[in-house]
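Number of protein chains: 2
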Amino acid sequence: MSSKRIIYLPLGGAGEIGMNCYVYGYGAPDKERLIVVDLGVTFPDMDGTPGVDLIMPDITWLKDRRGQIDAIFITHAHEDHIGAVGHLWESLGAPIYARAFTANLARRKMDEHGYGPETVRTVSAWPETVAAGPFTVGFLPISHSIPESSALVIDVAGERLIHTGDFKLDPQPVVGEAFDPDLWAEVSKPGVKALICDSTNVFSPAPGRSEATLSQPIEALVADAKALVVATTFASNVARLKTLAEAGDRAGRSICLLGRAMRRMIEAAVETGVLTGFPKVIAPEDVGSLPRENVMLIVTGSQGERRAASAQLSRGKYNGITLKEGDLFLFSSKTIPGNEKEVIRIMNNLSEMGVDVVDDSGGLYHVSGHANRPDLEQLQDIVNPQIVVPMHGEHRHLREHTRLAQKKGRAGVLAVNGTMVDLSGNAPTVAGFVETGRTYLDGSVQIGALDGIVRDRIRMALNGHVIVTVILDEEDEPLGDPWCDMMGLAEVGRSHVPLTDILEEDLSQFMGRAGEKTLRDDDKLEEGLKRLVRNSCLNEIGKKPEVTVVISRLA
Amino acid sequence: MSSKRIIYLPLGGAGEIGMNCYVYGYGAPDKERLIVVDLGVTFPDMDGTPGVDLIMPDITWLKDRRGQIDAIFITHAHEDHIGAVGHLWESLGAPIYARAFTANLARRKMDEHGYGPETVRTVSAWPETVAAGPFTVGFLPISHSIPESSALVIDVAGERLIHTGDFKLDPQPVVGEAFDPDLWAEVSKPGVKALICDSTNVFSPAPGRSEATLSQPIEALVADAKALVVATTFASNVARLKTLAEAGDRAGRSICLLGRAMRRMIEAAVETGVLTGFPKVIAPEDVGSLPRENVMLIVTGSQGERRAASAQLSRGKYNGITLKEGDLFLFSSKTIPGNEKEVIRIMNNLSEMGVDVVDDSGGLYHVSGHANRPDLEQLQDIVNPQIVVPMHGEHRHLREHTRLAQKKGRAGVLAVNGTMVDLSGNAPTVAGFVETGRTYLDGSVQIGALDGIVRDRIRMALNGHVIVTVILDEEDEPLGDPWCDMMGLAEVGRSHVPLTDILEEDLSQFMGRAGEKTLRDDDKLEEGLKRLVRNSCLNEIGKKPEVTVVISRLA
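Residue numbers (full-length UniProt numbering), protein chains in the order written: chain A, 1 to 555; chain B, 1 to 555.
Looking at chain A on its own, in the form it has when it is part of the complex (with noise of 0.2 Å):
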């Protein structure tokens, strides 16, 4: 028995935000059985993912370990949380557990890539558990930015884990459970093993505010405005969109939601029972007949998406609909960072139109999903725990919350994806460390991310492309002049001649001058070649070009 251990496992979400994905095991070393929390997402940017579509945790380890995995638990159903399951459980093949309106978004996930309703399976909340191997886990719920999020309340081997899930402690959250420290003490109380705990707003030294706040400062914005409204906040944000549609329900107006996956949520939240009360809502096509003063818009696309419908409003008409000066787009939102440049883009497109965008930076139109540091420790508090495990964070965020933990009192312990962690003694150790990484999803193929294919694109982008063709004959002897052809390369440099004229006359000149040796030889003849082009590039226009040499030789 004494062989046996408890163990942790980020393979995504620690040492970052978002992607988020957890292991946790108990058995003998390497023949743990294991159960899999969340399986996240992140999204892809020009700087060093262009072309990819999505980012995933590699989960080669639990891929090598399929016949050991119990279970999959869904805290809740942000991207950053639920986004892979259908990408990736093929692999896992183990049952997912979520509760109602997580399980309803997952079972639409798993569709899309053909697997049925009954790969999700729903649990109710706590004191409801499910047994998965040597676990029982039950889902505590907290107050988020997405309704039923929920901490994992995991038993194993007489100890127990509490897996926060991302949390806030809100009184008010307007659509779901309030944070209920009764019911967080209660469970507390046998004793807590390890607090595996949300560290991202670890550096807000200010208590968290409640959602609730934001119905005030809206309804007053609402009310004050003279023509159509358009308010944009993160499609996952049901309560926001209650408190939105409430705002302008009470101003008059009519509602209507633009965007796909807001429609989605909604229909999600309403089928599960977890919204109700939202008010009417009117189709894109019937704006047009009722006065702008009496519709409001609550629309997709606060991070600046390209294709969402706020970045299609700002550059034009969308669903019939077209903005005007005087019209009022509100940002309940902050913007991610990394998202600045977008958001901007679309907020002066707003202008040009003449429409008056408002947004949080006065603080009184958005507030965190997250639990700021009082409310972490609070928590803390509550559920008093012998070890505290940061995670979802960046480095920074769980090197600041490990020493929260370590002030208080508590054994903290900073452990970045990859980073094996054994609960089973007084203190956490490390166990050992897992090679981690990430996947990409890349049109419909998965690519590993050290595979050099999305390098290669970066450094097209950065340099541009030379290709070269030669033709050899039957003798080895070049078979007319080789030629160049140029992708993303100025036409013309310093000679004040076509760059391709001036490279086919070194390379004619390469060939002409070549022995044997090097003709006969494709390495040799294609290193020669990119390296001459590399040099009469920087040359004439002071780049070095990515260079693919094709060689023909007729045989």
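Just so you know, these hints were derived from the structure itself, not from any lab. Check the hints yourself; a few may be wrong.
Heads up, the list lumps identical chains together, so a pair's fine if it works in one copy or across two of them.
Below 20 Å or equal to it, Euclidean Cα-Cα: the simulated DMTMM-like pairs (lysine to aspartate or glutamate) are [what the hints assert, rightly or not]:
#  : residue 1 : residue 2
1  : 407       : 501
2  : 408       : 112
3  : 407       : 325
4  : 189       : 128
5  : 524       : 477
6  : 407       : 356
7  : 544       : 45
8  : 226       : 422
9  : 4         : 70
10 : 280       : 456
11 : 341       : 45
Using the hints, position chain B against chain A.
Then chain B, alone, in the frame of chain A:
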């Protein structure tokens, strides 16, 4: 005389932040004598301008009127006002005027392009003036985040215009001249036709804070530090460098400057006498011989620039110096939108080293260099101009600033890049539109933003690149099979067979089926092969790549 007019024409900086370039003219329509104010740059990014080195205004309109340009004035030495002088001067040819510190830096830039120091003429502050054609121009001191920033007092045809440049109203700027409301009132006394005014911070509701407010919190922070202290800020913020260095000095630390840009700024500031009393600095190689707690590094790279000192220190040893657990790293700066991810990356690298990072999130360690909304109002009250022309701002800033002017009972005009405004009458009128845009410095070549070169790079980055090679003999018959090279694409797709094999098979079949008419016609053949490859790739890997077809005909 009545046919002559005063015009204002922004070519950069109006409708964007950065890349400032403004033109003033006086004369009969299209015969105006011209002066240019500022020749700035803006910086490329992977999203829109991969591989580009620098972005400059398209000055074709000025080039076409080279003979009409009497002078170029540079308000201050920030890159977005001075950065293009060396690159664009050849097309303009007119003398460059600036105050001593700015002129010093302009000469360094001109020197890099082989132009002598006489191309830049040093002007003293108001009341000294420069006669340039019909214009008389004086440099009116104003505070900003770089020494000797100046507004321009432009007298022409009996009217006075004031072009603010970038500014804040700082009574204690630490280095350089404080804002002098009495001087500004005196200069404005004869009546100011138009105030052409910085708009950057029009959305900031509180009055701006003085540079001097930072010394106390920075001193307290540094005094408290236990090991090495590193601080980063904008290299050009000489006042901040002084504040930082003095804080280190008072805490008994030796100061070491890291980063070329920073040393160059200090050098220029000392040479021109704007900076005095800067603490003695030590060389990087002397840092190692001192106890860590006796050293403070002031380093470049507050925006996360990959090659700057901050980034290099966060990745490991730089100039023989390595950061360690317990060191303190201060970002005395704000992060410019778009740079968030790079800055955060550095913070996390530092966290991994155990370095404590402090930034301005608490509002203690940075102040903006631009006038906030109440400051803009104050300046309007002092200058009392007939017209306000907002400049240096995105569309939303210009719009809000125009409204602010109108709210105060003045004529305001929203003029984005390319809008020619006639300032001769009682109210400003739009006299026409000029085509404007951006010129990229790409390697050593200037290319147009719309040349399609960068667009091709972006396409390769998003879609990958396939090169198809076919050889046809003298009778237009295929010689051997076509083949494929790929760059930036997954090697294997849904068939689990190498993608190039699948493509080559498809291409081979296509060539076999192709009729004489297609085989004889390069365009037809290319189009057919491209379409085939794109569709096969879509089917196999879910992506449509860029395709280059190389057709070789043996003749």
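**Q.** Violated hints, by number in ascending order, as checked against the structure
**A.** Per hint list: 1, 2, 8, 10 violated.
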